[in-house]
Every structure is written in C-alpha cells, then in structure tokens.
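Colleague: Going down the list, the protein sequences come from chains Z and G. The first sequence finishes on residue 220 if you use this note's numbering, and the numbering steps up by one all the way, no holes. The second sequence finishes on residue 220 if you use this note's numbering, and the numbering steps up by one all the way, no holes.
Some hints here could point you the wrong way.
As the list makes no split between identical chains, a pair holds if one copy fits it or if it spans any two.
[Unchecked claim] Pairs of lysine to any residue, SDA-like flavour, derived with a Cα cap of 20 Å: (1) K216 / T32; (2) K150 / A41; (3) K55 / Q28; (4) K216 / D118; (5) K216 / G108; (6) K180 / A207; (7) K180 / T208; (8) K150 / G108; (9) K85 / T117; (10) K95 / V206; (11) K180 / Q219; (12) K150 / S220; (13) K216 / R205; (14) K216 / L151; (15) K216 / N141; (16) K150 / Q219; (17) K180 / L152; (18) K50 / N60; (19) K180 / V217; (20) K50 / D105; (21) K150 / D107; (22) K95 / M198; (23) K216 / S24; (24) K50 / L151.
Calculated directly from the structure, the hints in this document are not laboratory data. On a predicted model such as this, the values are computed, not experimentally measured, just so you know.
The lines below spell out each chain.
Protein chains: 2
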Amino acid sequence: MNIGVLGTGVVGQTIGSKLVQLGHTVMMGSRDEANPKAVTWAKQEGNKALFGNFAGAAAFGEIIFNCTLGSASLDALKQAGAENMKGKILIDTANPIDYDGDWSLTVCNTDSLGEQIQRAFPDTHVVKSLNIVNYTVIVDPEKLLERTDIFVNGNSADAKAAVSSILRSFGWKSIIDLGDITSSRAVEMYMVLWRVLRVATSSTRFNIKVVQS
Amino acid sequence: MNIGVLGTGVVGQTIGSKLVQLGHTVMMGSRDEANPKAVTWAKQEGNKALFGNFAGAAAFGEIIFNCTLGSASLDALKQAGAENMKGKILIDTANPIDYDGDWSLTVCNTDSLGEQIQRAFPDTHVVKSLNIVNYTVIVDPEKLLERTDIFVNGNSADAKAAVSSILRSFGWKSIIDLGDITSSRAVEMYMVLWRVLRVATSSTRFNIKVVQS
Numbered sequence: 008m009n010i011g012v013l014g015t016g017v018v019g020q021t022i023g024s025k026l027v028q029l030g031h032t033v034m035m036g037s038r039d040e041a042n043p044k045a046v047t048w049a050k051q052e053g054n055k056a057l058f059g060n061f062a063g064a065a066a067f068g069e070i071i072f073n074c075t076l077g078s079a080s081l082d083a084l085k086q087a088g089a090e091n092m093k094g095k096i097l098i099d100t101a102n103p104i105d106y107d108g109d110w111s112l113t114v115c116n117t118d119s120l121g122e123q124i125q126r127a128f129p130d131t132h133v134v135k136s137l138n139i140v141n142y143t144v145i146v147d148p149e150k151l152l153e154r155t156d157i158f159v160n161g162n163s164a165d166a167k168a169a170v171s172s173i174l175r176s177f178g179w180k181s182i183i184d185l186g187d188i189t190s191s192r193a194v195e196m197y198m199v200l201w202r203v204l205r206v207a208t209s210s211t212r213f214n215i216k217v218v219q220s
Numbered sequence: 008m009n010i011g012v013l014g015t016g017v018v019g020q021t022i023g024s025k026l027v028q029l030g031h032t033v034m035m036g037s038r039d040e041a042n043p044k045a046v047t048w049a050k051q052e053g054n055k056a057l058f059g060n061f062a063g064a065a066a067f068g069e070i071i072f073n074c075t076l077g078s079a080s081l082d083a084l085k086q087a088g089a090e091n092m093k094g095k096i097l098i099d100t101a102n103p104i105d106y107d108g109d110w111s112l113t114v115c116n117t118d119s120l121g122e123q124i125q126r127a128f129p130d131t132h133v134v135k136s137l138n139i140v141n142y143t144v145i146v147d148p149e150k151l152l153e154r155t156d157i158f159v160n161g162n163s164a165d166a167k168a169a170v171s172s173i174l175r176s177f178g179w180k181s182i183i184d185l186g187d188i189t190s191s192r193a194v195e196m197y198m199v200l201w202r203v204l205r206v207a208t209s210s211t212r213f214n215i216k217v218v219q220s
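Here chain Z stands alone, though its shape is the one from the complex (with noise of 0.2 Å):
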C-alpha cells in the first residue's frame, strides 16, 4: 500500500520504517520539499522510501499517519490539505502536550486534538491511535514483558478495522475500540498519567493492559 507519514521525527521515522519493512511504499512529509531528516531517512530506507512536502505525502497516501507533534498537527494538516486527504483514513498519534513548558495540555476535557482534526477536515476518517506509546514500544509491542492494549477512537467502524489491520502487522494483538472520536480526551488526558508513570518507572518502554475480572 502508499502510505503518507506527516513529520519527520522519531515517531514518524519509526513507524515509516516499519511500514517499509512491512512491504509498504512510504511517502514522508515535511514542512519543506526535502527536509533533511526525510532525505537521510528515505536514503537509508531504500527505495520504498520516499520524501515530499506534506501535500505530496498527503496526496501520496491510501493512508495517511500524523506524526507531527501535537502543536503544529493543524498547521501541518492544512498544509497537506483537505483535498488530498477527502475520503482517506488519517491515523492521529500526536499529543496536544506543551512540551516546551510544564507539560500540560493545550486542548482537554471538552475537546481534544483527535476532535479538532475531524472537524477542520470532516471528509476525512480520523483514526486516533499510538499516541500513548513512546517511540521504542510503538511498532515494538512484543518487547513489552505481557501482552498490553492499544486503542482505537473514531467515527468510522470501517477506518477503525482498516487501521486494526495495520496495529496488528506492527504486532499489537489487544486492540480495543473506545468509541468514536470524542474518546480521544481520555487517550490525550491518559498522558497526564504517562508522564508520571516514566518518572516512577525510571523507563519510556512501558505501556497498561486492562485487567478484568
């Protein structure tokens, strides 16, 4: 499949990468036509590794990922444009975290960035997914020492079966569906608890699995 990955960080080279191994063609998007971190990546990658600005990637992709960080995910969206995203399934894995300040939420408990996305491009299936691992567990689950959950959240059961489809071929096999898009606050608030669960745990490699009775 072509798949679109928008952001040339380590979510976006790691999940790009993994595509490429998984046999997909991968198109990664930035701000500018040949961003440096894209070209190097893409050179290491093969030729199955593209790189674009984030219309090309968008337009490129059956399937696009926003892996740019929560704060310039809007931004980077309008760039890549509603037009190459109509119809197509966006997997959202960025955090509305104000990084460069105390950590806190730009968007929360009324809203969230999963619910913007669909409304600045409501032709559009947005998929919130990922966004609760860190880098080294998100195409790497079966590192984790037990089986944990990831989730899904969207207004498409379609999109949501389409994007299982892609969680299980980066090996998650728990994957649950926590309803339509507006239960993305509850995955983007989660990260409040994230953030101190590194602390206590000294580590980024973890992640929770729901345990019933």
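With the hints as your guide, set chain G onto chain Z.
Modeller: Okay, now just chain G, sitting in the frame of chain Z:
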C-alpha cells in the same frame, strides 16, 4: 486503629466495612449527625462501627478517608474542620467528575482536587489514592484476573508509606508512588479513560497494570 470515613456512599461503606473486618474501629461521618445510611451501616457492622457528623468522624480518626463525592469534598472537609485533621493523614479517594453533566472534570490539567484539598488543609498530609477503581475493586483487588497497580500521590513520604500499609491490608500488592500531590492531576484525568474503558469492556470491575520491557 481508629479511622474516620467521610461519606456514606458505596465507596465509604465498602472501605468502612473492610476496615472493621481488619480490626479497626471506624466512625462514618456525614453532614448530619445521624445519616440513615450511616446508622444502618453501623448497625450491620457491629460495635466497631460508629457514626457521627463530619467533624466527629475526623476528630475520631487517627487516619481519615475522604469518600465524599468530588463535587462535595471541599465543603465536607471544611465541616470536618482543619483542627480535627491537623497533623493527620487524609486519604483522598474522590474524583472531581461532573456526574450530573457530561462526566467532564470540574478541575484538571493545571490543578486537581487533590491539590485543592492540600492547599485548603496545609497541616494535613493529603494522600490521593484508590480513586482509579470502582468500589467493587477497591478492597478486593484480588478478584481481578491479574495483579494490577494502585497509585499513591502526596507530599509526605511517611504518609504515603502509612497509606501503602493500609493498601496492602486491602490486598493491593503493587503500589506505585507517583510523586507529590500535583500528580493527583494524572490519576484524576485518567478517569476520563476509565469512563470509556467501562463502556468498551462493559464492566466496572477492572484496573490497569503497567507493563515494562
């Protein structure tokens, strides 16, 4: 030990009954001197179960549990009286959830109920704990299929150690210290995820386990 339990709902009753079972003497406090639910509870639980108003229960307890609704907690604790809680440990189990509305939080992100209580009662050692599980799990963590984690948050290491001892007597085997009282934000904001997990799992009897690599 003499323990005060503020609140007559299912959380207060469940914790109060467990404490009596464990050999403690418990006074359940409420707004009124003789709340019918507290009177009935005390009658059922025998001579180690007492009832009184908030101030009476707080004065009675060497340790105090706040099991009132989050929306009523600050007012209930004012009735309990700073002088009756001075130098004591207050275990805050409440969540600032707007249960009557859309289940959004009434405080979050840059503040929390735990912090509000600590600020209002600076001479009391507030430890946030047990707010992340339903009353069906709170004193029966062993009913879950696997060991899960419970958190303590507070400014005093000694107070957290004392609370951890009580948590172990309830059956909690893995207790994670999340840091000072500001980390109450993390566990209160987690409740938005708890709410959607409740729907997704069709259950209230669950908790999370942190899995590392």
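Colleague: Taking each numbered hint in turn, which are not upheld by the structure, reported in ascending numerical order?
Modeller: 1, 2, 4, 5, 8, 9, 10, 20, 21, 22, 23, 24
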